[in-house]
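Numbering (this note's numbering), first residue to last: -2 to 246.
Possibly wrong hints are sitting among the right ones.
Said to hold, decoys possible - EDC-like, lysine to aspartate or glutamate: derived pairs with alpha carbons at most 20 Å apart:
(1) Lys171 <-> Glu46
(2) Lys171 <-> Glu111
(3) Lys114 <-> Asp134
(4) Lys31 <-> Glu46
(5) Lys232 <-> Glu91
(6) Lys4 <-> Glu46
(7) Lys94 <-> Glu111
(8) Lys232 <-> Asp17
(9) Lys147 <-> Glu175
(10) Lys164 <-> Asp47
(11) Lys115 <-> Glu141
(12) Lys235 <-> Asp87
(13) Lys164 <-> Glu81
(14) Lys232 <-> Asp47
In short, the hints are calculated from the structure, not lab data.
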Amino acid sequence: MRYPTEKILNTTVDIISMADIVADFSRAFNLNQKMTLTSVNPQIILMSEDNQIVKDFIETSSHRFADGIGVVKMSQWTGGNIQERIAGIDVMFEALKYANQHHKRIFLYGAKPEVVKKASTNIQSRFPNLVLAGYLDGYTSLPEADVVHKIQMSQADMLFVALGSPKQELWLAKHIPELPCMIYQTVGGSLDVISGTVKRAPAIFIKTNLEWVYRSFSDIKRINRMGQIPVFIGKAYKWHTTQKNNKES
-2 MRYPTEKILN TTVDIISMAD IVADFSRAFN LNQKMTLTSV NPQIILMSED
48 NQIVKDFIET SSHRFADGIG VVKMSQWTGG NIQERIAGID VMFEALKYAN
98 QHHKRIFLYG AKPEVVKKAS TNIQSRFPNL VLAGYLDGYT SLPEADVVHK
148 IQMSQADMLF VALGSPKQEL WLAKHIPELP CMIYQTVGGS LDVISGTVKR
198 APAIFIKTNL EWVYRSFSDI KRINRMGQIP VFIGKAYKWH TTQKNNKES
């Protein structure tokens, strides 16, 4: 399940399509190989520059897809081959479709108590043939070991972690080895959308790859992310130029 890759600011990103990801759901279960779905966007790339655990988590994930138009554009501007943005929430929906078709067990971990509860209800309504093995909010008072035990006992096939970055990446990096699930995904704010707490961007924003703009202005907590874009572009260009000059010298 390995694909061609390229480096964006020294972070590995797979040259992959949604169709590739969907096809690998069956391969993961048939081959009994864990599948880690990781959204790679400018923010997590910048975080990984200062956090080796996050960087290592991305590097060892089985599927590192460009979930940020900034990553796609940087690839194109520097002669790379990443052609499409793959939204993490769309990957999650494809995983849920697969779970629904094959009666797989899922577990949701993260978000506020009322959000994860409503999201679980909406998922069960939309995908009645999957099994909701359990859910737990990201504000639980349970010790970390008890959270892990709860997921272990659920016998979930898929685990969706919505703790926000970099917490969700750090949590999975630590606990995937001791968990029985076959598919893992960092889903950020996807449960907010699925629960109906936050509206997803109108289709025109999604189609034109401006969903991040809509979400930034719709959620004041995200507005600071816009300031990270020029930082990312500057650092990525500098890194790419340095790499190119080193190869030519």
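Verification of the hints:
Among the hinted pairs, Lys171 with Glu46 is consistent with the structure: their alpha-carbon atoms are about 19 Å apart, no more than 20 Å. Between the alpha carbons of Lys171 and Glu111 the distance comes to roughly 26 Å, so the proposed pair goes past 20 Å and is violated. Pair hint Lys114 plus Asp134 holds up; C-alpha atoms about 8 Å apart against a cutoff of 20 Å. For the given pair, Lys31 sits about 26 Å from Glu46 by alpha-carbon distance, which is inconsistent with the 20 Å threshold.
Annotation: proposed proximity of Lys232 to Glu91 is violated, straight-line Cα distance about 33 Å (limit 20 Å). Under the criterion of a C-alpha separation no larger than 20 Å, the hint pairing Lys4 with Glu46 is consistent with the structure, at around 13 Å. Distance hint between Lys94 and Glu111 is unfulfilled; the C-alpha atoms sit about 24 Å from each other, more than 20 Å. For the proposed pair Lys232 and Asp17, the alpha carbon gap of about 30 Å is over 20 Å, so the pair is violated.
Restraint check for Lys147 and Glu175: satisfied, since their Cα atoms lie roughly 12 Å apart, inside the 20 Å limit. A threshold of 20 Å between alpha carbons decides the hint, and for Lys164 with Asp47 the separation of about 14 Å falls inside it, so the pair holds. Taking the CA atoms of Lys115 and Glu141, the gap is near 23 Å; set against the 20 Å cutoff, the hint is violated. As the CA atoms of Lys235 and Asp87 are separated by approximately 32 Å, the hinted pair breaks the 20 Å bound.
For a cut-off of 20 Å, the pair hint linking Lys164 to Glu81 is broken: about 26 Å separates their Cα positions. As the CA atoms of Lys232 and Asp47 are separated by approximately 13 Å, the hinted pair is consistent with the 20 Å bound.
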